[in-house]
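Asker: The lines below spell out each chain.
Number of protein chains: 2
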Amino acid sequence: MTNADSPALKTALAYYHAWTSHAFDQAMTYVAQDIVCLAPAGRLEGAEAFRGFMESFTKILTRSSLVAAFGDETTAMLMYDTNTLPVKDAPGAECLTVEDGKITRLRIIFDRLPFDTARRGASGSD
Amino acid sequence: MTNADSPALKTALAYYHAWTSHAFDQAMTYVAQDIVCLAPAGRLEGAEAFRGFMESFTKILTRSSLVAAFGDETTAMLMYDTNTLPVKDAPGAECLTVEDGKITRLRIIFDRLPFDTARRGASGSD
Numbered sequence: 075m076t077n078a079d080s081p082a083l084k085t086a087l088a089y090y091h092a093w094t095s096h097a098f099d100q101a102m103t104y105v106a107q108d109i110v111c112l113a114p115a116g117r118l119e120g121a122e123a124f125r126g127f128m129e130s131f132t133k134i135l136t137r138s139s140l141v142a143a144f145g146d147e148t149t150a151m152l153m154y155d156t157n158t159l160p161v162k163d164a165p166g167a168e169c170l171t172v173e174d175g176k177i178t179r180l181r182i183i184f185d186r187l188p189f190d191t192a193r194r195g196a197s198g199s200d
Numbered sequence: 075m076t077n078a079d080s081p082a083l084k085t086a087l088a089y090y091h092a093w094t095s096h097a098f099d100q101a102m103t104y105v106a107q108d109i110v111c112l113a114p115a116g117r118l119e120g121a122e123a124f125r126g127f128m129e130s131f132t133k134i135l136t137r138s139s140l141v142a143a144f145g146d147e148t149t150a151m152l153m154y155d156t157n158t159l160p161v162k163d164a165p166g167a168e169c170l171t172v173e174d175g176k177i178t179r180l181r182i183i184f185d186r187l188p189f190d191t192a193r194r195g196a197s198g199s200d
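Protein sequences, first through last, are from chains P and S.
Counting from 75, one number per residue, gives the positions in the first sequence under this note's numbering.
Counting from 75, one number per residue, gives the positions in the second sequence under this note's numbering.
Just so you know, not all the hints are guaranteed correct.
As the list claims (entries may be wrong) - Restraint ranges, calculated between C-beta atoms of paired labels, are given here: (1) P/K84 with S/D174: 28 to 34 Å; (2) P/Q107 with S/S139: 27 to 33 Å; (3) P/T103 with S/H96: 42 to 48 Å; (4) P/E119 with S/T136: 24 to 30 Å.
FYI, nobody ran anything at the bench for these hints, they're computed from the structure.
Just so it is clear, CB atoms sit at the ideal spot from N, CA and C, and this is done for glycine as well.
Kindly produce the complete structure, drawing on both the sequences and the hints.
Answerer: Dropping the structure here:
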């Protein structure tokens, strides 16, 4: 299978283009109710917990561009750059499992350190 | 092109299997002299700067396993779990550009926050 034929990549990109366009309701149509998300802060189970995590990120997102995207029958990987209000350069990478057009598992990696540093600065603590 | 045919993925996996086996000299045979590495802490130029960054990581590495790996003619993506001495669960993702069997560009994403927290704890500072 080539990446162009990948059903998992097709769903992953539809999800990506929706959330980076601030169309989060549309993004959630690609997310399974029982999604398991492995994020830097820990494991999130279920669509509502996932929405709480990702939608809050989209609210600080000012720009995004894809770096690379691959996929096969059931798995896709994306890497992207983002700019956010607190952190100007915040790239991320995702590995997504897709079943019947819905994302059932999403592993996301990003660097929390600059966000933590920005938060500490904003709160005046050290 | 399928991922199984990808020359970039073949090189990326050879590099990955070498550095995760603590065979760093072998890993460096897949790295171009003029590699550009985009890491969370910034941009590294040249094989020696890259080695200083990655080899120090391999010295604290205790285990690694691939999560996913894809590639085409010139680009590969890897995601992996690692365990390290200071941080037990430290996944990473890479996007690699490969030319003539050598990695010329490597973008790596991982979460620095738990390493920073461990370092602060070890030094007794807050």
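Asker: Starting from the hint 24 to 30 Å, judge whether the C-beta atoms of P/E119 and S/T136 obey it.
Answerer: About 28 Å separates the Cβ atoms of P/E119 and S/T136, which means 24 to 30 Å holds.
Asker: Hint says 27 to 33 Å; check whether the CB-CB distance for P/Q107 and S/S139 agrees.
Answerer: holds, 29 Å
Asker: If you check the beta carbons of P/K84 and S/D174, does the distance land in 28 to 34 Å?
Answerer: Given a distance of about 32 Å, which is inside 28 to 34 Å, the answer is holds.
Asker: Against the range 42 to 48 Å, how does the distance between the Cβ atoms of P/T103 and S/H96 compare: consistent or not?
Answerer: holds, 45 Å
The structure shown violates none of the earlier numbered hints.
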